[in-house]
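Q: Sequence:
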Amino acid sequence: MRRLARRSRHAGQSRRLLALAAIYDGASRGEAALLAGTDRQSIRDWVLRFNADGPDGLVDRHGGGQKARLTQEMLSALKTRLEERPIPAVHGVVRWRLCDLCGWLHETYGVSLSETRLGQIIRREGFRLLTARPRHYRQDTEAQDIFKKSSPVSWRRSGPD
Numbered sequence: 001m002r003r004l005a006r007r008s009r010h011a012g013q014s015r016r017l018l019a020l021a022a023i024y025d026g027a028s029r030g031e032a033a034l035l036a037g038t039d040r041q042s043i044r045d046w047v048l049r050f051n052a053d054g055p056d057g058l059v060d061r062h063g064g065g066q067k068a069r070l071t072q073e074m075l076s077a078l079k080t081r082l083e084e085r086p087i088p089a090v091h092g093v094v095r096w097r098l099c100d101l102c103g104w105l106h107e108t109y110g111v112s113l114s115e116t117r118l119g120q121i122i123r124r125e126g127f128r129l130l131t132a133r134p135r136h137y138r139q140d141t142e143a144q145d146i147f148k149k150s151s152p153v154s155w156r157r158s159g160p161d
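Residue numbers for the sequence shown, in my numbering: 1 to 161.
Calculated directly from the structure, the hints in this document are not laboratory data. A hint or two may mislead.
Stated by the list, open to error - Restraint ranges, calculated between C-beta atoms of paired labels, are given here:
no., residue 1, residue 2, range
1, Ile-87, Gln-66, 29 to 39 Å
2, Tyr-109, Gly-26, 52 to 62 Å
3, Thr-108, Asn-51, 32 to 42 Å
4, Arg-123, Lys-67, 16 to 26 Å
5, Lys-67, His-10, 25 to 35 Å
6, Gly-92, Glu-125, 18 to 28 Å
7, Lys-148, Ala-89, 34 to 44 Å
8, Ile-87, Glu-142, 27 to 37 Å
9, Ala-52, Leu-75, 34 to 44 Å
10, Asp-56, Ile-87, 53 to 63 Å
11, Thr-80, His-136, 30 to 40 Å
Even glycine gets a Cβ: it sits at the ideal position worked out from N, Cα and C.
With the hints as constraints, model all of the structure from the sequences given.
A: Here is the structure:
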């Protein structure tokens, strides 16, 4: 068992195998728990997992987690929606906001997501928020060009001359 622990690529599995090796050597569950840095109940669970599945039963398992709320169909529809530009007359907005997309998902599929979670999903899919720099509607580009040409140069390049 110690040989298996040495060859294992998973640290958790090695620790569990060493605790079980201590039990096989005659240590109590309490002593094995102290050795492994855990409690007796965990040692008992490890013994049951080892008896059921062998050394592979001691590898860390994924907890599963919550099921995804968006199916692949919903995700592909969301991607299509993001790639299309909104029509202001139809959608009432000039660019997609997270609150608009959350509302659309709720109306279309009955799925409620927070704006934060939807933003995470959108970024995970490779989309980024790109917005143009705002411009005042009455700015005069000719006056700006004249200002740039007539302004004295106040910045100089640093470094060797």
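Q: Are the hints correct? Go through all of them and say.
A: Quick rundown of the hints versus the structure:
Checking the proposed 29 to 39 Å range against Ile-87 and Gln-66 shows it holds: the Cβ atoms sit about 35 Å from each other. Between Tyr-109 and Gly-26 the Cβ separation comes to about 60 Å, which falls inside the hinted range of 52 to 62 Å. At roughly 50 Å, the beta-carbon separation of Thr-108 and Asn-51 lies outside the given 32 to 42 Å, and the hint is violated. For Arg-123 and Lys-67, the hinted distance range of 16 to 26 Å is satisfied, since their beta carbons lie about 21 Å from each other.
Between Lys-67 and His-10 the beta carbon distance is about 26 Å. The supplied range of 25 to 35 Å therefore holds. Taking 18 to 28 Å as the suggested C-beta distance range, the pair Gly-92 and Glu-125 conforms, at roughly 24 Å. For Lys-148 and Ala-89, the Cβ-Cβ distance of about 38 Å falls inside the hinted range of 34 to 44 Å, so the restraint holds. One distance hint, 27 to 37 Å for the beta-carbon pair Ile-87 and Glu-142, holds here, with the actual separation near 33 Å.
At roughly 37 Å, the beta-carbon separation of Ala-52 and Leu-75 lies within the given 34 to 44 Å, and the hint holds. For the pair Asp-56 and Ile-87, the supplied restraint of 53 to 63 Å holds, since their beta-carbon distance comes to about 56 Å. Range check, Thr-80 to His-136: about 35 Å between beta-carbon atoms, so the 30 to 40 Å window is met.
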